[in-house]
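J.: As a plain string of letters, each chain reads:
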Amino acid sequence: MQVFVEGVGMTKVERHYEKGLSHLAAEAAFKALDEAGGPGGVDYIVVANALATLQDEQLDLGGYLATSLGLRGVRALTIEAGEASGLAAAQVAASLIESGMADKVLLVGVEKITEFPSSKAYRHLQMIYDSESRSYYNVGFAADAAMLMRLYMETYGVDRELLSYWPALMHNNAKENPYAMLNFAIKPDRVSKALVIAEPLTLLDTFPLGDGAAAIVLSSKDSSSKPMAKITAIESATGLGSIELSDDPLIIDSVAEAYKRLSSLTGVDRFDFIELHDSFTITALLILESIGVAPKGKAAEMVAQGSFSPTGPGPVANPSGGLKARGHPIGATGVYQLAEASLQVAGKFPGVQVRGAKRGLVISMNGLGSNSFVALVEGV
Amino acid sequence: MAEIARIWGWHPEQYKGLAVDEKAVAGPDEDSLTMGYEAARNAIARAQVRPREIEAVFFGTESKPYAVKPSATIIAEALGITPMTMASDLEFACRAASEGMRALTGMVSSGLIKYGLVIGSDTAQANPGDVLEFTAASGAAAFVIGPEKGAAAIIEDSVTFVTDTPDFWRRSGEPYPLHGEGFTGEPAYFYHIESAVKALFEKTGLRPSDFKYAIFHQPNGKFPVKVGQDLGFTLDQLKEGLVTPMIGNTYNASALIGFAKVLDKAKPGDRILLAPFGSGAGSDAYSILVTEAIEAKRLLAPTVEQYLTRKVKVDYGFYAKSREIIYVIK
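Sequences listed follow chains A and B, in order. First residue of the first sequence: 1, per this note's numbering; consecutive thereafter. First residue of the second sequence: 1001, per this note's numbering; consecutive thereafter.
Keep in mind the hints are simulated off the structure, nothing from the lab. Virtual Cβ for every residue (Gly too), placed ideally from N, Cα, C. Among these hints, one or two may not hold up.
Straight-line alpha carbon distances no greater than 27 Å define the calculated BS3-like cross-link-like pairs of lysine-lysine that follow [to be verified]:
id	chain 1	residue 1	chain 2	residue 2
1	B	K1226	A	K193
2	B	K1203	A	K175
3	A	K193	B	K1016
4	B	K1222	A	K175
5	B	K1226	A	K12
6	A	K226	A	K31
7	B	K1198	B	K1265
8	A	K193	B	K1222
9	B	K1239	B	K1265
10	A	K120	B	K1265
11	A	K19	B	K1198
12	A	K19	B	K1226
13	B	K1114	A	K187
14	A	K175	B	K1226
15	A	K348	A	K358
16	B	K1203	B	K1226
17	A	K187	B	K1265
18	B	K1016	A	K187
Residues of chain B clear of chain A, computed beta-carbon distances all greater than 12 Å [as the list claims (entries may be wrong)]:
id	residue
19	P1028
20	L1079
21	E1194
22	L1235
23	K1239
Between beta-carbon pairs, the in silico distance windows are [to be verified]:
id	chain 1	residue 1	chain 2	residue 2	range
24	A	E244	B	P1175	54 to 60 Å
25	B	D1210	A	T67	49 to 55 Å
26	B	Y1327	A	L59	43 to 49 Å
27	A	D247	B	P1175	46 to 52 Å
28	A	K226	B	P1012	53 to 59 Å
29	B	E1091	A	E161	46 to 52 Å
30	B	Y1327	A	S119	22 to 28 Å
Chain A on its own, in the form it takes in the complex (with noise of 0.2 Å):
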C-alpha cells in the first residue's frame, strides 16, 4: 500500500461546548486543506465518527458535512466502528485510493461528546461493548477494564503502583501537545490516590470525556506534490472483546492478529514510535504485550523503567500523550492517531517530537478489541 499523507488538520481536544460537529469538522478539515493546497480534487469525504446518531440525532454525516464543508457534489462515505472509528474509516480511505476508485481523499474524524451531562455519555459509551452480555447485565463502562488490571495485578504478580508511571508518562508526553485536552503533569503517586472509578482503576486510569476533530487529506501517488507522510499499511481483526470468553483474556487477540498480519504484509516489525489506544492504563499495557514490544507481564515494569519514554530505547510510546492525556474524541481519536503520527516522520509534531522518527505504529480499537487496526506510516 502507498498512500499519501498531503496535509492534516486538528482541533484541540476540549469541552467544545460552543461548537458543533461541522463547525468542529470544518476547524480541522479546512487546515488539513489548506496544507494540501485547497480541495480541488477531492473524489470522497469520508467521515469517522461514532456517537452522533445518540449525542446529536444526526444519520448521514458525512453527506451533510459534505456540504458544510463546501464539498456539495464530492462522495460521502460514514464509518462507525466505535472507538476504532478513525481506522476504521482511513482502512476505507485508502482502500478508494488503493483501489483507484478515488485520487484524493478528504478522511474527517469528529466526534461531540459533551452535548449533554456524563450520564448520558457513559450510557452511550457503554454500547462499545457486546449488548448482550454487557449491558443487559448492567456492567459498567470501565468494570472490565478494571477486572483486567486486577487479573493482570494478580497473574504477574504486579504492584498497583507500577502501574501508574503509564498516566504519568502520558501526562507528560502530552504538556506540549497543543492539542491536548489535558497539558499538564502528575506524578505516578497520585494515580492510585485519585477518585476510584472500579476498583483498582481510578480517574487517571482513564481518559477525560472530550470534543474534537482531526482531519487528513489523502492521495494516490500520481495526484501527490508535496506528501509529508505515507501509508504503507492497515491491517485489521476482529477479535471477541470480552473477558470470559477468552482463553487468555491478557492478550488482545485481535489486535495481536492484526499486528501479525500487517507485520507478515510489510515484513517491519521495529518503529520509532507507537500511537496506541490507551483508553485505560491496562488496554495500553495489554497492547505493548500483544503486539511483542514488552514480554507478558513486563510492560508496567518497562514503562516505569523509562522503555517507552521519548529518551528511552524506543519504541517511544504515545508521544501525543495517548487518549489519556491528549483526549479521547471517540470516533475522531483514530484520525488524530493517523495525523499525529504523519507529524512525527514528518519532522513536525508540535508536542513531544521523536528524534529522526521515520516509522510509527498506530493501533487502535473498540472496547476491548471487537474490532482492532493497525496502520504504518512513514516517512517519504
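Dock chain B against the given chain A, drawing on the hints supplied.
T.: For chain B alone, coordinates are given in the frame of chain A:
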C-alpha cells in the same frame, strides 16, 4: 462531608477537591423563611431603622416554601414592615438576592423609597447521592439598603452581566436541581463573574489593588479562589470573605454571608469587591466603600464568626429527616 461520602459509598477522597469541610444544614423547624427572618432581624438591628421605614422587601431564594404565594410578605409581616411596602420574591438561582440589592440601590437613589430590605436565603436542595449534595447548604444573609447618611458602607458602583446559559436548573415540579457538570465552570461561573468584574473595572477605572477585600459566589472552596486569582486578586484579599469551606454553598446567601463576614472586620475606608453569581446565568460586580459608621453597628447583632462557631454536628439520618429527604407518609 465524610458522613455523606460514607452513606453514598463515595470514595473518601471524593469531596477533598471541593475544598469544603462541613456544610450547614437547616434544622427540622427551619426553612428559608425562618432563616431569612433571623438574618433580616439582625440587619434591621444594625441599620437602626424602624421597620415601617422600610418600603420594599425583596426575598431572593430558590427554595421558597410556597411555589405561589410570596414569602417576602410573610417576613415583612413578621418584622412589622407591612402593609405600606413593596414585597416580592425574586428568582435567579443563586444571584436573585443580589439582583434585589442592585434594584434597591436604584430605588433608593431615585427617591422612590427611603429604605429597602434584601434577603438571600436558601435551604439548598441537592439530589441525594449527587455530588452536589456535598456542598448544597443552608444559610441566610440580609441587608438594609438606604441613603448614604448613616450607612455602614456605600455602594459606589455596580454592573450586571447575564446571558442565557443553562448550567444548572430545576424544572417546575421537580424536587431537585440538575446541573451540566463541567459546564457550570468555565462557560458559566468563570465567564460571567470575570465579565462582570472586568466591566466594573472598565467602568470605574479601579484595579484589584484598589480593593482590600474581594468576595465571589462560593459554590465550593476552589472556584472563588481561582476566579479571584485569575482576576488578579491575592489570597489575602480573598480569604476573609471565604465561608464555603466552613458552611458549604448557601446559594443566595453564599457571597452575601462572605460579604457580611468581611463587614464584621473591615475598617472605615476599606474598599470591597462583591461579585455574586447565579446559574442561568449572570453575575453582578459591586464596588463598596466602608464608612466610619461601621464600628458602632458591628456590636448591634451577632457576627458571622459567632454563627460559624455556634454549631452542632449531625449525622446523615438527622440531616435526611430535617431536609425532608425522608418523611412520614401522612
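J.: Going back to the hint list, which numbers does this structure go against?
T.: 2, 10, 13, 17 and 24
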